[in-house]
Amino acid sequence: MIARFKANAASRSSQAEGRRQSAQANPNTDDAMSQTAHDNQPRFDDESGLIDRAAGGDMAAFRLLYDGYVHYVSHHVGRLMGPGYELEDVVQEVFVQVFRSLGEFRHESKFSTWLYRLSRNVAIDHLRKRAKTVDLSSWRPLKANAGEWNKLEARELVRALYAAMQKFSVENREAFVLYEIEGMTLREIEELTGESINTIAARVRRTREQLRGILEATHKGGSL
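Per my numbering, numbering through the sequence shown is continuous, rising by one, with the last residue being 282.
Hints may be right or wrong, so weigh each one.
Stated by the list, open to error - Label pairs and their calculated CB-CB ranges:
#: 1; residue 1: A275; residue 2: P100; range: 40 to 46 Å
#: 2; residue 1: E166; residue 2: G115; range: 20 to 26 Å
#: 3; residue 1: R186; residue 2: G114; range: 31 to 37 Å
It should be emphasised that the hints constitute simulated quantities derived from the structure, not laboratory data. Remember, it's a predicted structure, so these values are computed and weren't measured experimentally. Glycine is no exception: its CB is placed at the ideal position from the N, C-alpha and C atoms.
Full structure from sequences and hints, please.
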């Protein structure tokens with residue numbers, strides 16, 4: 059299994075690097091980031107106005123925001139948390155927090171960045187509350203726009219990865235997922251998370267080493 063994992067990991071890393079290079083080569087496209095990791099972002103003609111109306115209590119406007127961003131939130135929360143969690147419940151909690159906090163959004167960053175950070179905080183709270191081994195038996199990869207990650211046919215490899223990732227800090231897991239799986243650049247991750255590029259790079263490097271060691275030890279022990 060470890061050999062197959064390494065082969066698939068190398069393939070994913072190559073694909074992610076290709077997406078990063080494409081984004082860097084075309085910085086003036088409509089939204090280079092959305093073409094890589096953020097394919098689930100909607101396009102509104104007047105998003106700023108829509109946000110202001112929703113913040114003012116316009117439920118129709120809030121519903122449009124919800125419908126537009128629910129897949130974006132589900133995608134990122136699902137990738138960060140992995141199997142064994144009630145994803146729908148976590149996503150609903152995110153949008154409850156959005157409804158309560160939308161008046162605090164000051165348009166100083168992209169709405170998608172603000173929403174990601176809020177979603178991240180909710181997901182991390184759940185991860186820390188349930189810092190234990192989770193049941194992987196019924197999990198399937200996300201179906202909606204989940205990209206190359208869903209092309210893995212060997213389900214045990216996915217199970218192995220997420221079982222190993224339970225041992226990471228949530229911050230290291232996030233950096234690894236965004237860089238290695240989503241194919242985002244370090245600068246994009248910096249914008250999204252607020253961490254420095256050096257910190258993100260160190261997290262990715264550390265997580266790669268930890269993951270390699272965990273999977274090799276597991277392979278030798280014959281269990282996961």
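Subject >> Structure-inconsistent hints, enumerated in ascending order >> reply: The structure breaks none of the hints.
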